[in-house]
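Peer 1: Using the sequences and the hints, build the whole thing.
Going by the UniProt record's numbering, the sequence shown wraps up at 265, each residue one higher than the last.
Derived from the structure by calculation, the hints contain no laboratory data. Each hint should be verified, as a subset may be incorrect.
[Unchecked claim] So the derived label-pair ranges between C-beta atoms look like this:
id, residue 1, residue 2, range
1, H105, G44, 38 to 48 Å
2, T15, A120, 27 to 37 Å
3, D72, D38, 17 to 27 Å
Values in this document were obtained by computation on a predicted structure and should not be read as measured data. Beta carbons are placed, not taken as given, at the ideal position from N, Cα and C, and that holds for glycine.
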Amino acid sequence: MDPARLSLNQITVNTLGLPEALDACVRHDVGAIALWRDKIAAVGLDRAVELVAASGVRVSSVCRGGMFTTGDPADVLADNRRAVDEAAALGADALVLVCGPLTDHDLAGARARVRDGIAALLPHALAAGVPLAIEPLHPMMITERSVVVSLRQALDLCDDLGEGVGVVVDAYHVWWDPDLDAQLARARGRVRGYHVSDWLPRTSDLLLDRGMVGEGVIDLPRLSAAVAATGYDGPVEVEVLSSRWWAEDPDEVVRTARKRFEEFV
Numbered sequence: 001m002d003p004a005r006l007s008l009n010q011i012t013v014n015t016l017g018l019p020e021a022l023d024a025c026v027r028h029d030v031g032a033i034a035l036w037r038d039k040i041a042a043v044g045l046d047r048a049v050e051l052v053a054a055s056g057v058r059v060s061s062v063c064r065g066g067m068f069t070t071g072d073p074a075d076v077l078a079d080n081r082r083a084v085d086e087a088a089a090l091g092a093d094a095l096v097l098v099c100g101p102l103t104d105h106d107l108a109g110a111r112a113r114v115r116d117g118i119a120a121l122l123p124h125a126l127a128a129g130v131p132l133a134i135e136p137l138h139p140m141m142i143t144e145r146s147v148v149v150s151l152r153q154a155l156d157l158c159d160d161l162g163e164g165v166g167v168v169v170d171a172y173h174v175w176w177d178p179d180l181d182a183q184l185a186r187a188r189g190r191v192r193g194y195h196v197s198d199w200l201p202r203t204s205d206l207l208l209d210r211g212m213v214g215e216g217v218i219d220l221p222r223l224s225a226a227v228a229a230t231g232y233d234g235p236v237e238v239e240v241l242s243s244r245w246w247a248e249d250p251d252e253v254v255r256t257a258r259k260r261f262e263e264f265v
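Peer 2: So this is what it looks like as structure tokens:
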């Protein structure tokens, strides 16, 4: 894939703060970055905006909004509105929504809370000009992060909610789905982000054992072609949540991510 489309998801170099992550992007000629809200908060939003502007690096997304199944709905909505405002201030292409876990036995109710939470947030996002991007997660994350566990579910929400809501296709979370090709065809014009990493054959942790691009079993070239067929031509984020890679020198991680991106994506 064209290296100009590479975006470094900040979690891939999680040991770095925002200034250092932006510096790494500049040093390695990475034109975009996906920012995490805790890293933004660490320097303050105003300073984050200044740093991004000075770097010349594009913000492909802000992660994350969502978590609609946890806490008081009014508090959750207020935090999500702040997330929209942060994404708008930073000129992000989208706010990623990780929708929230199952916290009791009522799965249908949890999914209804997700739908209602996005619906309540949507007017604020539309007014701010920030697309909301629902990221379906692998089913193993249903009690940890999200009750939206397939691209079909995410697109059903898009159908229901209408303008201003799209999806993130994360290779790690959707590669296994036997319905994936049909759902990607259905997603045409609604993909707001594409994330790549790899699934290790003997993954050892539900969250923190993703493979670097090209070291696992996902057919990334095929998936990338299918995502391109949806019309998505924006930044592609290398997003590797891995305690193993976090222990490496961040410069080497970025060098490896760039090389593998060019070879395998």
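Peer 1: Confirm or reject the claim that D72 and D38 have a C-beta distance inside 17 to 27 Å.
Peer 2: holds (21 Å)
Peer 1: Are H105 and G44 spaced within 38 to 48 Å by their CB atoms?
Peer 2: holds (41 Å)
Peer 1: If you check the beta carbons of T15 and A120, does the distance land in 27 to 37 Å?
Peer 2: Cβ of T15 to Cβ of A120: about 36 Å, so the range 27 to 37 Å holds.
Of the numbered hints stated above, none is contradicted by the structure.
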